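Protein chains: 4
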Amino acid sequence: MTVNQTSVSLDDAQRVIAAGQAKADEIESPSNIAVVDAGGNLVAHVRMDGAWIASIDISINKAFTARALDISTEDLAADAGPGGQFYGIHASNGGRIMIFAGGVPLRRNGQVVGAVGVSGGTGEQDKTVAEAAVVAI
Amino acid sequence: MTVNQTSVSLDDAQRVIAAGQAKADEIESPSNIAVVDAGGNLVAHVRMDGAWIASIDISINKAFTARALDISTEDLAADAGPGGQFYGIHASNGGRIMIFAGGVPLRRNGQVVGAVGVSGGTGEQDKTVAEAAVVAI
Amino acid sequence: MTVNQTSVSLDDAQRVIAAGQAKADEIESPSNIAVVDAGGNLVAHVRMDGAWIASIDISINKAFTARALDISTEDLAADAGPGGQFYGIHASNGGRIMIFAGGVPLRRNGQVVGAVGVSGGTGEQDKTVAEAAVVAI
Amino acid sequence: MTVNQTSVSLDDAQRVIAAGQAKADEIESPSNIAVVDAGGNLVAHVRMDGAWIASIDISINKAFTARALDISTEDLAADAGPGGQFYGIHASNGGRIMIFAGGVPLRRNGQVVGAVGVSGGTGEQDKTVAEAAVVAI
Numbered sequence: 018m019t020v021n022q023t024s025v026s027l028d029d030a031q032r033v034i035a036a037g038q039a040k041a042d043e044i045e046s047p048s049n050i051a052v053v054d055a056g057g058n059l060v061a062h063v064r065m066d067g068a069w070i071a072s073i074d075i076s077i078n079k080a081f082t083a084r085a086l087d088i089s090t091e092d093l094a095a096d097a098g099p100g101g102q103f104y105g106i107h108a109s110n111g112g113r114i115m116i117f118a119g120g121v122p123l124r125r126n127g128q129v130v131g132a133v134g135v136s137g138g139t140g141e142q143d144k145t146v147a148e149a150a151v152v153a154i
Numbered sequence: 018m019t020v021n022q023t024s025v026s027l028d029d030a031q032r033v034i035a036a037g038q039a040k041a042d043e044i045e046s047p048s049n050i051a052v053v054d055a056g057g058n059l060v061a062h063v064r065m066d067g068a069w070i071a072s073i074d075i076s077i078n079k080a081f082t083a084r085a086l087d088i089s090t091e092d093l094a095a096d097a098g099p100g101g102q103f104y105g106i107h108a109s110n111g112g113r114i115m116i117f118a119g120g121v122p123l124r125r126n127g128q129v130v131g132a133v134g135v136s137g138g139t140g141e142q143d144k145t146v147a148e149a150a151v152v153a154i
Numbered sequence: 018m019t020v021n022q023t024s025v026s027l028d029d030a031q032r033v034i035a036a037g038q039a040k041a042d043e044i045e046s047p048s049n050i051a052v053v054d055a056g057g058n059l060v061a062h063v064r065m066d067g068a069w070i071a072s073i074d075i076s077i078n079k080a081f082t083a084r085a086l087d088i089s090t091e092d093l094a095a096d097a098g099p100g101g102q103f104y105g106i107h108a109s110n111g112g113r114i115m116i117f118a119g120g121v122p123l124r125r126n127g128q129v130v131g132a133v134g135v136s137g138g139t140g141e142q143d144k145t146v147a148e149a150a151v152v153a154i
Numbered sequence: 018m019t020v021n022q023t024s025v026s027l028d029d030a031q032r033v034i035a036a037g038q039a040k041a042d043e044i045e046s047p048s049n050i051a052v053v054d055a056g057g058n059l060v061a062h063v064r065m066d067g068a069w070i071a072s073i074d075i076s077i078n079k080a081f082t083a084r085a086l087d088i089s090t091e092d093l094a095a096d097a098g099p100g101g102q103f104y105g106i107h108a109s110n111g112g113r114i115m116i117f118a119g120g121v122p123l124r125r126n127g128q129v130v131g132a133v134g135v136s137g138g139t140g141e142q143d144k145t146v147a148e149a150a151v152v153a154i
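Heads up: the sequence lines are chains A, B, C and D, in that order. Under my numbering, the first sequence has 47 at position 30, and the numbering climbs by one with no breaks. Under my numbering, the second sequence has 30 at position 13, and the numbering climbs by one with no breaks. Under my numbering, the third sequence has 93 at position 76, and the numbering climbs by one with no breaks. Under my numbering, the fourth sequence has 136 at position 119, and the numbering climbs by one with no breaks.
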């Protein structure tokens, strides 16, 4: 029995990032935008001029989280706060699990093939950019 | 005076994991399942097809936690949230302490001999799989 | 353009590990044996009774290395020592790059689909076990 | 007294990366290519289709090293081996110092403004790609 995993190419990743950048420009929220493949490994990253340095790591790890748990980091947040069923998950995976909005899985025909992570603005802004990015897959 | 530590063999670990896999199949919750020995060190691990990548680390560290503190991670959660007597413990041990359900000690004649850790579903699902696993010791 | 990556199932991983265990028993070299998928992420691990604790990490990271660079760790060693073109690579990837024998890529139709890592004996023994394991893919 | 630091924009980084990609395509060495700014912080990264997973980290850290020490990683290698005046430097900076070819500073009017890091082939190939990339600044 063979396992076939559809993943993202560099072309896919750059198209997704470009769509995110366009939205980030539009809402004036300079962002870090990262795309990981089906294995959770980085395919491409950009830091727009003026975007935060800390957001390099955060964008990459939001993308990792969204693929590693097949969930948006905003939805994960709902279960990851005090009293939630996954409270403490942010300490796992060597600190790579991000539990605030901006990471969204990339899907093709319903299957998760990677994820995008955005960091640079408010949670609402990061989510807006990420959601504009994923439609470009 | 000699210290004798009863621990788990690879056979024990694989029997425990198989019992967990059967339950995970039954409740349709593809899981990572890990067993550690009396020293808290990994004996065996499986990632069922389709289970989350982030859960590799989480399952191994739920097992570590359950042995390292001789408590289920669900019970630990009760003391590890804001205001609890162990609040902040998830930052210790290099991020290896998991404070949500799915890690359960393995006992023989009342003595803890290792632990199992399960990650892949909701807290309730992970707990269900772990509890089905431990009875196989 | 879609990227399709063939990977390993848990069944694949357990068959590979079983073949490795049989060889390890035969040459009396209790081993840790780990299999990673195409993304470099752990699928399964066993520590045979009496195998070294340090070899848990080493086996998992030999497998990671063999997939992350599509090379056997023995072949990598030739370039990773003092004066070699990759000297210092063992410090990259958070210390996960293992540069001694025992990690071997798993291939199907010439494509790398994952890797096995073995640790527990001499370099020669680990290599022998790993090479017996990979043929079971 | 004011410190003015000339650095690289995202446009600069993407132009440098594109030049590197063109050379990598030409010499058939699928590469990870990363650019850091004057602060040593990532501006952009691409992993070309088929390039090694381990090279994500290595490319980013070759770029970091080349800026953090204002030297090519190939030149650093000459001093970083056993007996060299900087032997052991690869263990500093949390494992981020890469001491093999492929990291090259980016200069404007003689001043270092960032760096590029390439990983994916032999030391010679990585160096060739990096040197093709830096001229695009």
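No wet-lab data here; the hints were simulated from the structure. It is possible that some hints are incorrect.
In this list, chains with the same sequence are indistinguishable; a pair is considered to hold if it fits within one copy or across any two.
Taking lysine to any residue and the SDA-like style, the derived pairs with C-alpha atoms no more than 20 Å apart in a straight line are [unchecked claim]:
1) 144 with 102
2) 144 with 56
3) 40 with 24
4) 40 with 151
5) 40 with 140
6) 144 with 38
7) 144 with 43
8) 144 with 105
9) 144 with 109
10) 40 with 28
11) 144 with 99
12) 40 with 94
13) 144 with 22
14) 144 with 100
Owing to the predicted nature of the structure, the values given are computational and were not obtained by experimental measurement.
Structure-based check of all given hints:
1. 144 with 102: Between copies only: 11 Å across, 23 Å inside.
2. 144 with 56: Intra 22 Å, inter 26 Å, cutoff 20 Å: neither.
3. 40 with 24: Neither: 24 Å inside a copy, 25 Å across copies.
4. 40 with 151: within (11 Å within a copy, 30 Å between copies)
5. 40 with 140: within (15 Å within a copy, 36 Å between copies)
6. 144 with 38: within (13 Å within a copy, 31 Å between copies)
7. 144 with 43: For residue 144 and residue 43, only the intra-copy Cα distance (14 Å) is at most 20 Å; the inter-copy one is 36 Å.
8. 144 with 105: Close across copies (16 Å), not inside one copy (22 Å); limit 20 Å.
9. 144 with 109: Between copies only: 18 Å across, 23 Å inside.
10. 40 with 28: both (19 Å within a copy, 17 Å between copies)
11. 144 with 99: Between copies only: 19 Å across, 22 Å inside.
12. 40 with 94: neither (23 Å within a copy, 28 Å between copies)
13. 144 with 22: neither (26 Å within a copy, 29 Å between copies)
14. 144 with 100: Between copies only: 16 Å across, 24 Å inside.
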